[in-house]
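Sequences and hints are given; from them, build the entire structure.
Order-wise, the sequence lines are chains A and B.
According to numbering that gives the first Met the number 0, the stretch in the first sequence is residues 0 to 324, in order.
According to numbering that gives the first Met the number 0, the stretch in the second sequence is residues 0 to 284, in order.
None of these hints come from the bench; they were simulated from the model.
No incorrect hints appear here.
Far from chain B by the CB rule (all over 12 Å, computed), these chain A residues:
hint	residue
1	60
2	73
3	210
4	216
Below, computed lysine to aspartate or glutamate pairings styled on DMTMM-like, alpha-carbon distance capped at 20 Å:
hint	chain 1	residue 1	chain 2	residue 2
5	B	104	B	162
6	B	195	B	162
7	B	13	A	223
8	B	13	A	212
9	B	13	A	112
C-beta: ideal position from N, C-alpha, C; glycine also.
Here's the letter readout for the chains.
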Amino acid sequence: MSSSPTVANEALRVSDAQGHPRAPRNDWLFRTLCLTAVLAMMATLIGLVGSLLSGGWLALSHFGFSFFTTSTWDPVADQYGAAAPIVGTLITAFLALVFALPVAVGVAVFLVEICPQRIARSLAIAVELLAGIPSIVYGMWGLFVLAPWFAQNVQIPLMTWVTPGSWLEKVVSGVPNGANIFTASLILAVMILPYIAAILRELLMSVPSHMREAAYGLGCTPREVVMRIMLPYVRRSAIGAVMLGLGRALGETMAVTFIIGNSHNFPGSLFDSGSTISSTIANEFTEATGDMHISALIALGMVLFMITFVTIAIARLLLGRGGPK
Amino acid sequence: MSKPHDTFLHTRRKIYNGVFLVLTGIATAIALAALFLILETLVVKGVAGLDAHVFTMSQPAPDEQGGLLNAIVGSLVMCGLGMVIALVVGILAGTWLAEYGDGTKLAAVVRFLNDILISAPSILIGLFVYQLLVRPFHGFSAVAGGVALALLAMPVATRATEDIMRLQPYALREAGMALGANRGLVIRAIIWRASKSGLMTGALLSFARISGETAPLLFTSLGNPFLSFKLTQPMAALPTTIFQFAMSAYDDWQRLAWAGALLIAVAVLTTNILGRVLTRGSTQK
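In structure tokens form, the structure reads like this:
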């Protein structure tokens, strides 16, 4: 898109200069107004970084590097170490991606290459609409439906089945209430699934049909066309799409806050309750009284900003201008 | 590599292909099943929680009759405020990117950062507005909530505006210039008008983006159990009220939470669909 017709652009600029005497001044006003809006937008981003830095400075300077390496989160003693929520954020987002990615690829391939086009179109619209459902709905479903079901049908049977003392027991130990890191990751996976699938579908549809047809003409099976021609063709953007999904999972607040159990201990197992950066902020910010507590929470926000900024920046670079709105 | 009449290889490829096709089908079935389960719960529990009181009464005490009126009004007020700010800034910024800044380095940087802002975690916007508007003025307020929502909708509106204005043919601009209009007038009187339905779509999409947002409101507008129209006071919003009710131990509150969740989901889905219908109408012309 960036290769706009510069000739026409140049023509416009020339006629700008040669226009009616009053015209250029009006244009200047409007142009400045538009530029101001752009600068206001950028001020938002700079202000965001600045406010997170200045707000979190008290905690960061007081605890130094141990803020990132210790996991004591004790508002009473005013001791804050953010290792547990940081690790919780990374683990849940990563697990969510592991769950969601294969399914999302499957959905995208099915919609583009396998399903009859008429059905595919309505399915695709459904997928895209579901990507827009507010996260609080996913969170409520997780809390009221998934967590009890999971505790009853997965967690308790597993805990009675494993041999005590084995490594498997360590992995599945935890309070059997369904509110844990694993179910939080599941909910996140369900949330980012339609999102990733929708972008992947658009990417796959952008593969030139002559490439597909050439491959089919050589006698390739649909699997070979998808795996050897179409996916490699969109590889770069596809990684971008996945990173964008990851960014979403990293920053997601409400869906996780409902179901992760909100404990500040370092998660000991897959079925242990935990916390993420965003769930900690959402839970504690309004109740935080001490300056240090607030500052520690804002410092957490700073960490989240850095993690997501890098992730999303890479994603957008890979996706180019084709990314979703 | 393969011999032309290798039937073993042929069978193997067929089997691989069959397995692959089945797997993609299963993936789609899993996705649809999960999403169906969520929607089913939402509709069943949401409809069960809906009654006339939901729209006519404010937040009840536990075990009393009440509704979500204060939250619905609050959401409308703050989303309205957010949309006004976001549309003004977003459309102007998008216009600059599409018309004036095109090809400049600044535009490339702005475009990139804007795309990042679109996907930035909304809770961080809440933290920012807290530091910007809540802390200095010593109080949560509807204005702060509205500004937080505006900051979330702004990048979406900017991107949508730029995209739609770029679609307008250059001949249109040249025709305007040929009539003696300056560039600003061409943009306002011709390009904006030609992009009207696209801009509407952008507005609807940004509205859909913010109407379900909870995290940034938690510590900007806080919440308010009473119906309030004061912009400088804390104000309830549907998502934050749902959060509070869902986490509570009272059955009545949980019932209302589901009703509210259904309302939000329906609102978001309708705006999304409306937006889509509008775009379709404009591209088919």
